[in-house]
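Chains as they are written, first to last, in my numbering: chain A, 12 to 244; chain B, 12 to 244; chain C, 12 to 244; chain D, 12 to 244.
These are computed hints drawn from the structure, not numbers from a lab.
Any given hint might turn out to be false.
One copy or two, it doesn't matter: identical chains are merged, so the pair holds either way.
DSSO-like, lysine-lysine: derived pairs with alpha carbons at most 27 angstroms apart [to be verified]: (1) Lys175 with Lys19; (2) Lys225 with Lys155; (3) Lys135 with Lys19; (4) Lys135 with Lys175; (5) Lys225 with Lys135.
4 protein chains.
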Amino acid sequence: MDADESPKSALVTANAILARQGVLDAFGHVSVRHPDDPSRFYLARSLAPERVTGSDILEFDLASQPVVPSAVPLYSERVIHGAIYQSRPDVNAICHHHAAAVLPFCLTGLTLHVVTQLGATIGKHVPLWDQRDEFGATNHLVTKPEEAASLARCLGPHAIVLMKRHGATVVASSLRELAFRSIYSCRDAELQLRGLQHGPLDTFTDEEIALAGKFPEATLARAWDYWRARLRS
Amino acid sequence: MDADESPKSALVTANAILARQGVLDAFGHVSVRHPDDPSRFYLARSLAPERVTGSDILEFDLASQPVVPSAVPLYSERVIHGAIYQSRPDVNAICHHHAAAVLPFCLTGLTLHVVTQLGATIGKHVPLWDQRDEFGATNHLVTKPEEAASLARCLGPHAIVLMKRHGATVVASSLRELAFRSIYSCRDAELQLRGLQHGPLDTFTDEEIALAGKFPEATLARAWDYWRARLRS
Amino acid sequence: MDADESPKSALVTANAILARQGVLDAFGHVSVRHPDDPSRFYLARSLAPERVTGSDILEFDLASQPVVPSAVPLYSERVIHGAIYQSRPDVNAICHHHAAAVLPFCLTGLTLHVVTQLGATIGKHVPLWDQRDEFGATNHLVTKPEEAASLARCLGPHAIVLMKRHGATVVASSLRELAFRSIYSCRDAELQLRGLQHGPLDTFTDEEIALAGKFPEATLARAWDYWRARLRS
Amino acid sequence: MDADESPKSALVTANAILARQGVLDAFGHVSVRHPDDPSRFYLARSLAPERVTGSDILEFDLASQPVVPSAVPLYSERVIHGAIYQSRPDVNAICHHHAAAVLPFCLTGLTLHVVTQLGATIGKHVPLWDQRDEFGATNHLVTKPEEAASLARCLGPHAIVLMKRHGATVVASSLRELAFRSIYSCRDAELQLRGLQHGPLDTFTDEEIALAGKFPEATLARAWDYWRARLRS
Numbered sequence: 012m013d014a015d016e017s018p019k020s021a022l023v024t025a026n027a028i029l030a031r032q033g034v035l036d037a038f039g040h041v042s043v044r045h046p047d048d049p050s051r052f053y054l055a056r057s058l059a060p061e062r063v064t065g066s067d068i069l070e071f072d073l074a075s076q077p078v079v080p081s082a083v084p085l086y087s088e089r090v091i092h093g094a095i096y097q098s099r100p101d102v103n104a105i106c107h108h109h110a111a112a113v114l115p116f117c118l119t120g121l122t123l124h125v126v127t128q129l130g131a132t133i134g135k136h137v138p139l140w141d142q143r144d145e146f147g148a149t150n151h152l153v154t155k156p157e158e159a160a161s162l163a164r165c166l167g168p169h170a171i172v173l174m175k176r177h178g179a180t181v182v183a184s185s186l187r188e189l190a191f192r193s194i195y196s197c198r199d200a201e202l203q204l205r206g207l208q209h210g211p212l213d214t215f216t217d218e219e220i221a222l223a224g225k226f227p228e229a230t231l232a233r234a235w236d237y238w239r240a241r242l243r244s
Numbered sequence: 012m013d014a015d016e017s018p019k020s021a022l023v024t025a026n027a028i029l030a031r032q033g034v035l036d037a038f039g040h041v042s043v044r045h046p047d048d049p050s051r052f053y054l055a056r057s058l059a060p061e062r063v064t065g066s067d068i069l070e071f072d073l074a075s076q077p078v079v080p081s082a083v084p085l086y087s088e089r090v091i092h093g094a095i096y097q098s099r100p101d102v103n104a105i106c107h108h109h110a111a112a113v114l115p116f117c118l119t120g121l122t123l124h125v126v127t128q129l130g131a132t133i134g135k136h137v138p139l140w141d142q143r144d145e146f147g148a149t150n151h152l153v154t155k156p157e158e159a160a161s162l163a164r165c166l167g168p169h170a171i172v173l174m175k176r177h178g179a180t181v182v183a184s185s186l187r188e189l190a191f192r193s194i195y196s197c198r199d200a201e202l203q204l205r206g207l208q209h210g211p212l213d214t215f216t217d218e219e220i221a222l223a224g225k226f227p228e229a230t231l232a233r234a235w236d237y238w239r240a241r242l243r244s
Numbered sequence: 012m013d014a015d016e017s018p019k020s021a022l023v024t025a026n027a028i029l030a031r032q033g034v035l036d037a038f039g040h041v042s043v044r045h046p047d048d049p050s051r052f053y054l055a056r057s058l059a060p061e062r063v064t065g066s067d068i069l070e071f072d073l074a075s076q077p078v079v080p081s082a083v084p085l086y087s088e089r090v091i092h093g094a095i096y097q098s099r100p101d102v103n104a105i106c107h108h109h110a111a112a113v114l115p116f117c118l119t120g121l122t123l124h125v126v127t128q129l130g131a132t133i134g135k136h137v138p139l140w141d142q143r144d145e146f147g148a149t150n151h152l153v154t155k156p157e158e159a160a161s162l163a164r165c166l167g168p169h170a171i172v173l174m175k176r177h178g179a180t181v182v183a184s185s186l187r188e189l190a191f192r193s194i195y196s197c198r199d200a201e202l203q204l205r206g207l208q209h210g211p212l213d214t215f216t217d218e219e220i221a222l223a224g225k226f227p228e229a230t231l232a233r234a235w236d237y238w239r240a241r242l243r244s
Numbered sequence: 012m013d014a015d016e017s018p019k020s021a022l023v024t025a026n027a028i029l030a031r032q033g034v035l036d037a038f039g040h041v042s043v044r045h046p047d048d049p050s051r052f053y054l055a056r057s058l059a060p061e062r063v064t065g066s067d068i069l070e071f072d073l074a075s076q077p078v079v080p081s082a083v084p085l086y087s088e089r090v091i092h093g094a095i096y097q098s099r100p101d102v103n104a105i106c107h108h109h110a111a112a113v114l115p116f117c118l119t120g121l122t123l124h125v126v127t128q129l130g131a132t133i134g135k136h137v138p139l140w141d142q143r144d145e146f147g148a149t150n151h152l153v154t155k156p157e158e159a160a161s162l163a164r165c166l167g168p169h170a171i172v173l174m175k176r177h178g179a180t181v182v183a184s185s186l187r188e189l190a191f192r193s194i195y196s197c198r199d200a201e202l203q204l205r206g207l208q209h210g211p212l213d214t215f216t217d218e219e220i221a222l223a224g225k226f227p228e229a230t231l232a233r234a235w236d237y238w239r240a241r242l243r244s
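Please work from the sequences and hints to get the whole structure.
Here's what the structure looks like:
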C-alpha cells in the first residue's frame with residue numbers, strides 16, 4: 012500500500028479494479044482487515060463494487076456486524092469475511108466473486124490447476140466447497156455464521172476456495188496481492204478452459220508452484236498500478 | 012421504480028440497459044404495462060432500443076394497436092406484448108430479444124437450466140415454442156395475433172419462453188425484475204454453454220430454485236442502479 | 012440512402028460501421044457503384060477502413076483502374092470490385108472482409124447456413140471459392156483480373172462468396188443492405204459456431220429463407236441508423 | 012519508421028499498440044535495437060507496457076545490462092532481448108508476451124500453422140522451447156543468461172518461438188514488422204483454435220507461405236497507422 016493511501020481508499024480502488032477487470036459485476040464484494048486492529052475489517056454497504064466510494068465503507072467486527080449500528084442495507088453474505096478473518100490470522104484481504112472464468116469449474120468436475128507463472132498465485136491446491144454437503148437444499152447464499160464457518164474450514168490454509176454452483180472466495184495478505192490473485196487466477200482458469208478443448212494440459216508441478224508462487228512486492232505493484240491507470244481510460 | 016421515475020422514463024432506461032448489457036442490439040423491444048390502466052401498455056415506435064427516448068414511446072391497447080393513431084413505423088412483432096398482457100395479469104413488463112447467449116439453445120436440443128443463485132430467476136421450466144408447429148413455413152416473425160396467442164399459450168405461467176431459430180421472450184412483474192431476469196438468464200445461459208464443453212453440469216434442484224428465485228427489491232435495485240450508472244461510462 | 016447523403020459520404024459511413032462492428036480491421040474494403048454511371052465505382056485509397064474520410068475516396072472504372080491517374084497507394088485486391096460490378100448489374104455495393112466469424116468456415120468443410128430470421132440475408136446458398144483450384148500456389152491475394160473474374164463466376168447470382176483460407180466477399184443492392192448483410196451474416200456465422208458445439212443445428216428451409224430474406228427498407232434503415240449512432244459512443 | 016520518429020518514440024508507440032491490441036497486459040515487454048550501434052538496444056524500465064513513456068526507456072548492452080547504471084527496477088526477463096540480439100544480427104525488434112491467443116498452444120501439443128494470408132508472417136515453422144528440458148524445475152521466468160541463450164538457440168532462424176507453459180517471443184527486422192507479426196500471429200492462432208473445434212484445418216503450404224510472407228512496407232505501415240490511430244479512441 013502506498014504510504015499515503017488509507018485502507019479505505021485502497022479498498023475503493025480494489026473494488027473498482029476488480030469490477031473493471033471482469034472479476035466482479037453487480038454482485039460480489041471485497042474487504043480488508045483493519046491495519047491496527049485485527050478484530051475489525053472494512054467492507055462496503057450493499058452496493059455494486061464499481062460504485063463504491065469511501066463514504067460507503069463501514070467497519071465490521073469478526074462476527075460481521077457493523078461496529079457502529081447502521082440502517083443501510085448490508086451484503087447478505089458478509090459473514091464470509093468475518094469467518095475467514097477469524098480462522099486465518101495471516102489473511103488481510105478477501106474477495107468473494109462469481110466470475111465467468113471460474114464458474115465452469117464450479118459446475119463440473121474440472122480441477123483448477125496452475126498452468127502459467129502468473130497463475131502460480133493460485134497455489135498447489137484449490138478446495139471445492141458444496142453448501143449442499145452440510146446444509147442440504149438452500150438458496151445458495153452464505154448468510155449464516157455456520158455456513159461461513161464451514162466455508163472457512165474448507166478453505167483451510169489455501170488461497171482460493173471454489174464454491175459449487177456459486178463462485179469463489181479468494182484470500183491474500185494484502186489488497187494488492189488480492190487483486191493480483193483474483194485476476195490472474197481468472198486468467199489461468201480461462202486459459203485452461205480454452206486449452207482443454209484441444210487436449211490434456213501440461214501443468215506446473217508442486218515444486219514449480221512453490222518456486223513461482225512467491226511474487227515480490229514490485230510485481231504486485233506493477234500490476235496494481237497498471238489496473239489503476241486503466242480505471243481512467 | 013423510484014417514486015420520481017415515470018413509467019416512460021423507466022422504460023427508456025430499461026431499453027438502454029438491455030442494449031448496453033448485450034441483450035438487445037438493433038432489434039428486440041421492451042414494454043411496460045400502464046400502471047393505472049391494465050388494458051394499456053407502453054412500447055417505443057420502431058427504433059433500435061439504445062436510441063429510444065421518451066418522445067419515442069407510444070401507448071398501446073391489448074390488441075397491440077396504438078391508442079392514438081400514428082403514422083410512425085411500429086415494431087412488426089408488437090403483438091407479442093399485447094397477447095401476453097392479455098393472458099398474464101401478473102405480468103407488467105416484457106422483453107423480446109435475440110441475444111447470442113440464448114440462441115444456441117434455440118438452434119439445438121439443449122435445455123436451459125438454472126446453474127447459479129442469480130440464474131434462479133429463470134425458474135423451474137423454460138418452454139420452447141416452434142412457430143413451425145402451428146403455422147408451417149413462415150418468415151419467423153411473430154406478426155399475427157394468432158401467432159402471438161400461440162406463443163403466450165406456450166409461455167403459460169413461466170418466466171421465459173425460448174423461440175426455435177428465433178430468440179426469447181421474457182416476462183416480469185416490473186421493469187427492474189425484467190432487466191434482472193433478462194440479463195441473468197443470459198449470463199446463466201453463457202455459463203452453461205461454457206461448462207458443457209467440459210462435462211455434464213451440476214444444476215439447481217427445483218427446491219433450490221424455489222428457495223433462491225425470489226429476489227428482494229433491494230437486490231433488483233442494486234443491479235439496476237449499477238447498470239444505469241454504467242450507461243454513463 | 013438519405014436524400015441528403017452523397018454516395019461518398021455514405022461510403023465513409025459504411026467503412027466506419029463495418030470496422031466498428033468487427034467485420035473489418037486494418038484490412039478489407041468497401042465500394043459503392045456510381046449512382047449515375049454504372050461503369051464507375053467509388054473505393055478508398057489503400058487505408059484501414061476506420062480511417063477513411065471523403066477525401067480518401069477515388070473513382071474507378073470497371074477494370075478497377077482509377078479514372079483520374081493517382082500516385083497514392085491503392086488496395087491490391089481492388090480488382091474484386093470491378094470484376095463483380097461487371098458481371099452483376101444488380102449489385103451496387105461490395106465488401107471484401109476477413110472477419111473472424113466466417114474464417115472457421117473458410118478453414119474447414121463447414122457450410123454456412125441460415126439459422127435466424129435476420130440471417131436469412133445470407134440467402135439459400137453460399138458458394139466457396141478456392142484460389143488454388145485454378146491458380147495453384149499463390150500468396151492468396153486476389154490481384155489479377157483473371158483471379159477476380161474467377162471469384163465473380165463462383166459468386167454467380169448469390170449474395171456472399173466464401174474464400175478458402177482467406178475470407179468473404181459480400182454484395183448488395185445498396186450500402187445499407189450491404190452493411191446489414193455483412194454484419195448479420197457474421198452474427199449468424201457466430202451463432203452456428205457456438206451452436207454446433209452442442210449438437211446438430213436446426214436451420215431455415217429454402218421456403219423460409221425466401222419468405223424471410225426480403226428485408227424492407229425500414230428494417231435496413233433502423234439497423235443503419237443504430238450502427239451510425241454507435242460510431243459516436 | 013517515419014523519418015521524424017525517433018527509436019524511443021516508436022518504441023513507446025509499439026508498447027501502447029501491443030497493449031491495446033491484447034498482446035500485452037500488465038506484463039510482457041518490447042525492445043528495439045539501437046539504429047546506430049548494433050551492440051545496444053532500448054527497453055523500458057519495469058513497467059506495464061501501456062504506461063511506458065519516453066522517459067521510462069533505458070539503453071542496454073547485449074549482456075542486457077543498462078549502459079548507464081540505474082536504481083530503477085528492471086524487467087527480470089530482459090536477458091531474452093540481449094541473447095537474441097547477440098545471435099540474430101538480422102533482428103532489430105523483439106516482443107516477449109503471454110497473449111491468451113497463443114497460450115493454448117503452449118499448454119498442449121497443438122502446432123501453430125499459417126491459415127491466412129496475413130498469418131503468413133508466422134513463417135514455415137514455429138519451434139517450441141521448454142525451460143524444463145535443460146533447467147529442470149524453475150519458476151518459469153527466463154532470468155539467467157544461459158536460459159536466454161537456450162531460448163535463442165531454439166528460436167534459431169525463425170520468427171517466433173513458443174515457450175511451454177509460458178508464452179511467446181517474437182522477432183522482426185523493425186518495430187512495424189514486429190507489431191504486425193505479434194498481432195497477426197495472435198489473430199491466426201485464434202482462428203485456428205476456433206476452426207479446430209469444427210474439423211481439421213486447411214493450412215498454407217510452404218510454397219504459399221514463402222509467396223505470402225513477405226509484406227511490403229506499405230502494408231506494415233497501413234496496419235501500424237491504424238493501430239496508432241486507435242490509441243486515441
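Okay, the hints, checked on the actual structure:
| no. | hint | in the structure |
| --- | --- | --- |
| 1 | Lys175 with Lys19 | neither (31 angstroms within a copy, 41 angstroms between copies) |
| 2 | Lys225 with Lys155 | between (34 angstroms within a copy, 18 angstroms between copies) |
| 3 | Lys135 with Lys19 | neither (31 angstroms within a copy, 42 angstroms between copies) |
| 4 | Lys135 with Lys175 | both (19 angstroms within a copy, 19 angstroms between copies) |
| 5 | Lys225 with Lys135 | within (12 angstroms within a copy, 38 angstroms between copies) |
The structure is inconsistent with the numbered hints 1 and 3, although it conforms to all the rest.
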